[in-house]
Amino acid sequence: SLFSHIQAVLNFLPILFYSGCSARVVTVPPGPLIRVEGQPVSIRCDVKEYTGPNEQDFEWNMLKDTSGPKIKIISTFDSRYSDPSLSKRVASGDISVVRLQDNEVELKIAEVKSQDAGFYECQTPSTDYVISGNYAAKVQLTVISNTLKVSPKTPPPVIPEGSDLTLSCNVTRELVHPTYLSVTWSVKKGTASEEILTFGPQGDVVTGPRFARRYADGGIRLVPGRNGLFELVISRMTTSDEGNYECNGTEWTHESGGQWIKIVESTKEMGTVAVTPTSCDLKIKISISVSLLNPQTTAEPTELACRVTNITNLPPGGRLGISWEHTSLPGMFDSTLLQRSFSYRITRFLNCSDLRQEIDMGQYVCSVSAWSVNSQGDMVKSTEYKSSPLTVRWDAKRPTVNVVAKRIREASVGGSTFEMSCSVSTTNIGEAGYSVLIQSQDSLESTVRTIMTLSPDNVVQHGGATDPNRRDNLVLTKSGPAEFRFRLAGVQLSDRGYYWCDITAWTKQQPGQAWTKASSSESNKLQINFQENGPSFSIAIHSDDSSVYPWETAKMKCSLSVSGSSPKTDEVAYEVKWFFTRLRGGHTLTQVANVDRFGVVRKINRNSSSDVTIERSDTHTYLLNIFGTQDSDSGEYYCVVTPWYLSASTGAWTEAGELTSSRIFLTVKFAVWDSLKLPLLYGASASLGVGLFSLVLGLVCAQCCCRNTAHLPRSRNKLMDLEMD
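Here the sequence shown stands for residues -23 to -1, 1 to 702, numbered as in mature numbering (1 follows the signal peptide of the UniProt record, and there is no 0).
Just so you know, these hints were derived from the structure itself, not from any lab.
Have a look at the derived ranges for each label pair, beta carbon to beta carbon:
#1 Val183 / Tyr106: 49 to 55 Å
#2 Arg21 / Ser170: 29 to 35 Å
#3 Lys126 / Trp237: 19 to 25 Å
#4 Leu623 / Thr565: 33 to 39 Å
In this text the structure is predicted, and so the values were computed from the model without any measurement. We put the CB at the ideal spot given by N, CA and C, even for glycine.
Generate coordinates for the entire structure from the input sequences, incorporating the hints supplied.
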């Protein structure tokens, strides 16, 4: 029946859908897999893009070679699936299969044997509507012998605190297949083991959390040797380093996909190490002497040297801490200042060369402290010595800087150049370098802007207030040992304001050292103040002939003239409009045509049959041409012009005031003959046509309607003759 056919088609649709959209994919890890005899092995297998129930079944088989017979290993649904040769290992759990997900399982071998080497096949029974894709996947398993050997060297059982400990460990294996080694040192305290350092398998070093800082500081060093010998040196041993040390050797394989797999490892105890503390018996002796390089004036270099000698009983790893204490002179400053406190770890002396200000005068004491490492690995202060106070005083002659600005070139109009010079004079300052700031402000109360800077090393930079498009107009140079010049070309209205120099004197104690600020000063302010006097324009209109006949060409000229600061030819443009009115002095205006300042002409739609054009005959002259004039073109004409010029003060195009010309009345003359010749010609032609038509019509009628009757032949009988008689 029809219903049964429809039902069959509907049952077949899922088969068509899955057969066209999916194909079963069974995957196992890429091989070959290298494993060590006696070690556990796990191989995963999953299936995707399948149909049927979510939970899939798996079968594992083994082949000694690719063309050999299959040996059944284990199945997820058939407990009697295993080959008799493997049934005991399956029953004992040595070989098992673990389901990880509905579509993923893992084959596990607790202790792999050499005869387990071969190709392992993962197979999934079909639950698909249509057979499509792969239902099995193979991976090769290579089983190698366990040749890993770890041979540590026993360290000394007791070492003094602060000495070094060397941990030697020899890790080797027979290289048959591409495998890699790593070595790890660890220390065990009680039952807890803590890793110190691991080297390999990629040649990298990984440290334990507690030893990372120590390794970075060089307190732990790795010394690789030959023939598998590795040494770990732990410097400055403390009581916290006590414990039972172990050495671990691991063999790795690098499988496809970049994954590192640990295939075998061996851990050997090296021995217990005890650390004898010595800090409790520490008695450090130090001798201190302080020398002074006395300055004469402020800003001169000063040097304080604290020399530490006769250091005895300082344990290995011990350090000296140096600090300077400063006390102001009586009556100069209010409180005791502990400034420039230094905590440098040194062995002999400390130089202090930064005493250059008046506040630095006073008494200085050098304090030396001895530090050692305690059992927790921390630095603790053991003892401290102080030197006798040393007084530092000098004549407080303050350095001064005086700056004078002079105008070199005056900027009187827009576009001109402004130039000024700044001369520097100093007192109580030796050889110095100068940094220059060119600053400006619109008014004496407005915000200060930095235009340009010059460093003591003669590096010029533009300030943040500088327009990037005008940086070529700014120049700052050093014109003499203590003179600087600033030039601003093409001044604009926005440049009006006050300009001055802010100069700082810098000194160096020795060549190669950093600059030290001595003093600074600002110059007097110079003003840029000019008025914007743009060009003046005038307009005139002229026509060679204000009366024309019809169909002739009428020409009207709109001329402009420029006075004042006349711009260049390419720095002026005009926008011209022509207007027309029929009546003399009329107010009803009609725009005829216009041309913008870019030279684009636009004509207005007109009912007249005449045509118009606008022509630029020279820079300041525009012509209006009316071709084929008609009576409708009679009327008053005038032009309206808007000048544009490039302002030298602003650097931008500026619109001048609109100009309107006087009016010219154009007359199109009335010609009598021209007015009558066409009507007369048309009338004569019509009369002649009508006359000819009438003549032809009369002739036709005369021929057709007014001709004589035809003569009939007479009878010859007598009666007729009598009648005729």
